[in-house]
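*Asks:* Please build the complete structure, drawing on both the sequences and the hints.
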Amino acid sequence: IAVDQRGVYVSNVAFGRRMALRGSGSIINIASVTSFRSAPLHAYAPAKAAVVSITQTLATEWGRSGVRVNAIAPGYVLTPALQAAIDDGKRDPKALEENSAFGRLIRTEEIAKACSFLASDDASGITGVALPVDGGWLVAPSWHTYGGVPPKRG
5 IAVDQRGVYV SNVAFGRRMA LRGSGSIINI ASVTSFRSAP LHAYAPAKAA VVSITQTLAT
65 EWGRSGVRVN AIAPGYVLTP ALQAAIDDGK RDPKALEENS AFGRLIRTEE IAKACSFLAS
125 DDASGITGVA LPVDGGWLVA PSWHTYGGVP PKRG
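Take the sequence shown: its position 18, counted from the start at 1, is 22 in the numbering used here, and no numbers get skipped.
It is possible that part of the hints are untrue.
Simulated pairs of lysine-lysine, DSSO-like, Cα-Cα distance not exceeding 30 Å [said to hold, decoys possible]:
id	residue 1	residue 2
1	K94	K117
2	K117	K98
3	K156	K94
4	K117	K156
5	K156	K98
It should be emphasised that the hints constitute simulated quantities derived from the structure, not laboratory data.
*Replies:* This is the structure in structure tokens:
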């Protein structure tokens, strides 16, 4: 919680105030899909939900000073840490993939590209948003109670 919540707030304030004085800037926080849905991560998930709240609050506070504050909410990203958990049998990649509309894990470069977009002038009208980059993980799980996500077509 100290890093995921307090660290985000302190760093946002430190940089955001300077950006506001300058009259422009873009802050991108890293939340999680667990910000929106319950998970058995009793410290991590609530801390990431707080990141979304911090993002929205500071976006409102600094918006008229030209500072945009957004967040990326990654799903399961194939990082070295996740790969190690898969290799150690602590995570089942098939289960993770089946609970995604894409049927695959997210790649790190997909997170980077989403961050790049939110930081760019192409996103000049976007602030206070927590953008899921999850391959449809948030929308697909309930489909399993109806027989599963449809297979790839074509």
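*Asks:* Work down the list of hints and note, for each, if the structure agrees.
*Replies:* The hints, checked one at a time:
| no. | hint | in the structure |
| --- | --- | --- |
| 1 | K94 <-> K117 | holds, 28 Å |
| 2 | K117 <-> K98 | holds, 25 Å |
| 3 | K156 <-> K94 | holds, 28 Å |
| 4 | K117 <-> K156 | holds, 25 Å |
| 5 | K156 <-> K98 | holds, 16 Å |
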